[in-house]
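Please build the complete structure, drawing on both the sequences and the hints.
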Amino acid sequence: MTIAVVIPAAGSGQRMQADRPKQYLELFGKTILEHTVQRLRQVPELGPVWLALAADDAYFAATSLAVQPGIHRVTGGRERADSVLAGLMAIDERQYPWVLVHDAARPLVQVSDIQKLIKRCLGSGCGGILATPVRDTMKRGMGTQEHPQVLQTVERQDLWHALTPQLFPTAQLRQSLQQALQQGVAITDEASALEWAGLPVLLVSGRADNIKITQSEDLQLARFYLEQQ
0 MTIAVVIPAA GSGQRMQADR PKQYLELFGK TILEHTVQRL RQVPELGPVW
50 LALAADDAYF AATSLAVQPG IHRVTGGRER ADSVLAGLMA IDERQYPWVL
100 VHDAARPLVQ VSDIQKLIKR CLGSGCGGIL ATPVRDTMKR GMGTQEHPQV
150 LQTVERQDLW HALTPQLFPT AQLRQSLQQA LQQGVAITDE ASALEWAGLP
200 VLLVSGRADN IKITQSEDLQ LARFYLEQQ
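Residue numbering for the sequence shown follows numbering that gives the first Met the number 0, beginning at 0 and increasing consecutively.
If you are wondering where the hints come from, they were derived from the structure by calculation, not from laboratory data. Be a bit skeptical, because a hint or two may be false.
[Claimed, not checked] Calculated cross-link-like contacts (lysine to aspartate or glutamate; reagent style EDC-like; alpha-carbon spacing at most 20 Å):
#  : residue 1 : residue 2
1  : 118       : 44
2  : 138       : 157
3  : 115       : 44
4  : 115       : 208
5  : 29        : 56
6  : 211       : 25
7  : 29        : 226
8  : 211       : 44
9  : 211       : 226
10 : 211       : 18
11 : 211       : 188
12 : 29        : 217
[Claimed, not checked] Label pairs and their calculated CB-CB ranges:
#  : residue 1 : residue 2 : range
13 : 224       : 143       : 32 to 40 Å
14 : 148       : 63        : 25 to 33 Å
15 : 92        : 151       : 40 to 48 Å
Cβ atoms here follow ideal geometry from the backbone N, Cα and C, with glycine treated the same way.
In structure tokens:
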């Protein structure tokens with residue numbers, strides 16, 4: 000069975016404070032988005048990729064992805080969930096009953112982690128996500144963003160950092176996202192839509208170097224990890 004892929008890549012990356020969206024910043028002569036897609040295409044179980052791009056995207060056409068077979072472009076939305084849903088609406092669930100969603104700015108995910116996620120999910124019949132157990136002491140804050148204070152320490156024993164990719168039955172994810180968005184539910188990742196719908200989501204332990212490039216210092220760390228890999 001071949002699994003479809005959706006990559007939401009319509010964000011502007013304002014926190015990066017760069018001259019272009021973060022997915023189009025370069026690492027070793029390739030954009031972050033190109034690195035990400037290249038990594039996913041090393042997984043034999045994965046098939047066509049649907050990229051949800053901004054309507055006014057001015058950078059994609061200059062990348063190698065624009066002429067690669069099996070890469071499809073759809074117009075993304077204002078929020079991540081809107082972009083993912085746009086990709087899902089373009090996929091025939093009869094041909095691709097499972098879909099894998101991955102962040103455009105996570106180029107370091109390991110093939111072995113993706114295959115572990117696929118094996119666990121397809122073996123159980125329910126969706127799942129890559130995640131890492133929380134190791135640091137966690138604090139709940141209060142006050143303003145400029146002057147936050149500690150409200151309390153949060154028990155970390157059952158806390159996990161949610162990563163991507165996240166893998167779900169295509170129809171199940173599409174229906175959950177549609178219904179959650181119609182109800183005005185805040186959806187921060189695909190798993191949160193299924194949680195809201197009352198559906199089970201597996202936690203599959205992944206590598207901590209599967210970082211999301213969000214701020215400028217993340218670029219230096221990504222360069223280091225890419226060199227090591």
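Checked hints:
Of the supplied pair hints, the one linking residue 118 and residue 44 holds, its CA atoms being roughly 10 Å apart against a limit of 20 Å. Among the hinted pairs, residue 138 with residue 157 is consistent with the structure: their alpha-carbon atoms are about 14 Å apart, no more than 20 Å. Between residue 115 and residue 44 the alpha-carbon distance is near 11 Å, which keeps this suggested pair within the 20 Å criterion. Annotation: proposed proximity of residue 115 to residue 208 holds, straight-line Cα distance about 16 Å (limit 20 Å).
With a C-alpha separation of about 17 Å, the suggested pair residue 29 and residue 56 falls inside the 20 Å cut-off, and the hint holds. Taking the CA atoms of residue 211 and residue 25, the gap is near 15 Å; set against the 20 Å cutoff, the hint holds. For the hint linking residue 29 to residue 226, the alpha-carbon distance of about 14 Å falls within 20 Å, and the restraint holds. A hinted pair counts as satisfied when its Cα atoms are at most 20 Å apart, and residue 211 with residue 44 does not qualify at roughly 23 Å.
Annotation: proposed proximity of residue 211 to residue 226 holds, straight-line Cα distance about 17 Å (limit 20 Å). Restraint check for residue 211 and residue 18: satisfied, since their Cα atoms lie roughly 19 Å apart, inside the 20 Å limit. For the suggested pair residue 211 and residue 188, the alpha carbons sit about 14 Å apart, so the restraint of at most 20 Å is met. The straight-line distance between the Cα atoms of residue 29 and residue 217 is roughly 16 Å, inside the 20 Å bound, and the hint therefore holds.
For residue 224 and residue 143, the hinted distance range of 32 to 40 Å is satisfied, since their beta carbons lie about 34 Å from each other. Hint check: residue 148 to residue 63, Cβ distance near 48 Å, so the stated range 25 to 33 Å is violated. Between residue 92 and residue 151, the C-beta spacing of about 44 Å keeps the proposed range 40 to 48 Å intact.
Checked against the numbered hints above, the structure violates hints 8 and 14; every other hint is satisfied.
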